[in-house]
Structures are given as C-alpha cells and as structure tokens.
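Asker: These are the residues of each chain, in order.
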Amino acid sequence: MNDSLRMDRVRRFIGTLNQACELGLAVESAREGELVLRLPYSDQIVGNPDTGVIHGGAITTLMDTASGSVIMCALDDFELCPTLDLRVDYMRPAEPHRPVFARAETYKITRNIIFTRCEAFQDVGETIANCVGTFMRIGREATPKAYRDLITGGENDQS
Amino acid sequence: MTNPEILKHTQQTGDFSRMLESIPYARFIGLECDRFGDDLIFRLPRKEQNLGNPILPAIHGGVIGGFMELSAVIYLMMAQETLRMPRIIDFSLDYLRAGLDRETFAECQLTRQGNRVANVMITAWQKSRSQPIATARAHFLLED
Chain A
0 MNDSLRMDRV
10 RRFIGTLNQA
20 CELGLAVESA
30 REGELVLRLP
40 YSDQIVGNPD
50 TGVIHGGAIT
60 TLMDTASGSV
70 IMCALDDFEL
80 CPTLDLRVDY
90 MRPAEPHRPV
100 FARAETYKIT
110 RNIIFTRCEA
120 FQDVGETIAN
130 CVGTFMRIGR
140 EATPKAYRDL
150 ITGGENDQS
Chain B
0 MTNPEILKHT
10 QQTGDFSRML
20 ESIPYARFIG
30 LECDRFGDDL
40 IFRLPRKEQN
50 LGNPILPAIH
60 GGVIGGFMEL
70 SAVIYLMMAQ
80 ETLRMPRIID
90 FSLDYLRAGL
100 DRETFAECQL
110 TRQGNRVANV
120 MITAWQKSRS
130 QPIATARAHF
140 LLED
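Here the protein sequences come in this chain order: A and B. Under numbering that gives the first Met the number 0, the first residue of the first sequence is numbered 0, with each subsequent residue one higher. Under numbering that gives the first Met the number 0, the first residue of the second sequence is numbered 0, with each subsequent residue one higher.
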C-alpha cells in the first residue's frame, strides 16, 4: 500500500465520523505507521472564554482520532479497533487562533493489541500534549464488509 | 469563566445554564449539569454531531473524554469556590464499553486535594450506573 492510498483511507474514514467532521479534522500527511491530522481553530471549541484557549476535550478528540486512524497506515487490511485506554499529558495550552496538529504513530503491533503514541503541536512553540493509547484488535470480520469497502474504496490491494 | 457573578449565581441557585452558556466547548458537545443536594450529575444528551463510529453507532471516544474532562473542571470549580479555571495536567481514560447513541451521565469524586494539585476520579455511564462506559482519573493544577 502506498502513502496516497493510506491518505485516501484515512480521509474516507474520518469522513464517516460525525464529530471529526464537526471539528473540521483534516489529514495532513500519511505514511507507513505515521499519520498527521490537523484541527483548525474555532471559537466553538474554546474552553476558557477569557483566554480563547481551546478545551482539552477537543485536543483529546484530535489525538484519539489520530491514534485510532494511524492503525490504517500500519495494517494493509482495514480493521476497526476500539480504544482501550488513552493517557494524555498536557504540557501547555494551545495558542489561540492557530491550528493544532497531531502526529500519531503505531509503535508496537501484536496479534491482539496495538500501541500508539501521539504528539499535539502547533506551527510555533513547543509540544502541546502527548498521548499514549492502546487499541484492541477485534478482527477484520467484526466490521461489516460494506463499511470496509467504503473505507478502502474497493481497492484491489487486499493481499 | 472568571466572571465571579456567574459562579456565585450558579453556586447559590444550582442553575448551571449561565455558566455552561459561557463555555463554548460545553455548548459544542451539549453538556448539562444538575445539582442534587451537594452532588453534581453531568449529562450529555444524545447528539448526532457527537458520534464517531457510524456502524454501532457510538459516541466518539474523544467526546466522552472531553465530556468527562469538562465535568471534572466544573466539579472542581464548584467544590473549591474558585474563580479560576483549574488547569488540567494529565488525563487517563479507560474505555469499558461502547458509548452508544443515547444519553450519557458522569459524576466526579475528589480523591485528593493538595495545595496546588487536585486528583479527580470521573465515572461515565449510560443506562445503568453499575455498568460504566468509561472511568478516568485527572490531575489539575489549582494555581499558577
């Protein structure tokens, strides 16, 4: 699978997640085992109106989505993997009026579990947050074929 | 959120509408809160825009996290009568069951409060409190 197929799959997948669409999450780049998503700034997701800083919950959703979607950049077959847990460390508030990016990677894949890590950052300054997650593999067949085909776009690379 | 008048009003009346109205992210996900005596129960009504997995369908895990995190912030502000928003340090979230497309509740417990840091436990459930969909633990910084 090449990077443009990975990017297409992640785009289609994120397009099926209402909340990701609400937040305007977009794919920046995808390669084997690594994915970068972007969360645009919006007044709607501010947590502290005095400072204009966006709420940690939006960052959590960004990182959860990036960590869950990077799995598609690591496995050839599309498998939907439920999140077991997430641990987020907030290093500093995000600078208002700038997008936040999340770079996720799978750092260990076993038969049952996928381990991910993810960093949230902006185009200036230091790391906003770090996140580690674990996802459970419930198998390809746990996801209806119609949905799998929707995400893979019916590519013929299911080898 | 530093509007002391709104916080006072909320503490005196138990009516969270003005406070929640002043936090855009609370409106974005639709968070609500009710006070029963000293207890606070947070509520996330069913909302199509909050969904993630379209097959089940299920609430996006990030929204469940954001709901629990914001619940803990409001809980701490009410518990401490502080005028400042506590700043989150870390958040550790275990997903126990799929959060289905229905109303979700959360309650918080102050596990330990020090001078500068508070440790809060959050539990979220849907149909039955005895079957939580997620539990979380968070640390907050109470001062600069």
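These aren't lab readings, by the way, just hints derived from the structure by calculation. Check the hints yourself; a few may be wrong.
Covered stretches of chain B (chain A as the covering partner; in silico rule of three or more C-beta atoms under 8 Å from a C-beta of chain A) [said to hold, decoys possible]:
| hint | segment |
| --- | --- |
| 1 | 17-23 |
| 2 | 66-79 |
| 3 | 88-102 |
| 4 | 105-118 |
Note that the Cβ used here is the ideal one computed from N, Cα and C, for glycine as well.
Asker: List, from low to high, the hint numbers that the structure doesn't satisfy.
Answerer: Violated hint (a single one): 4; every other hint is consistent with the structure.
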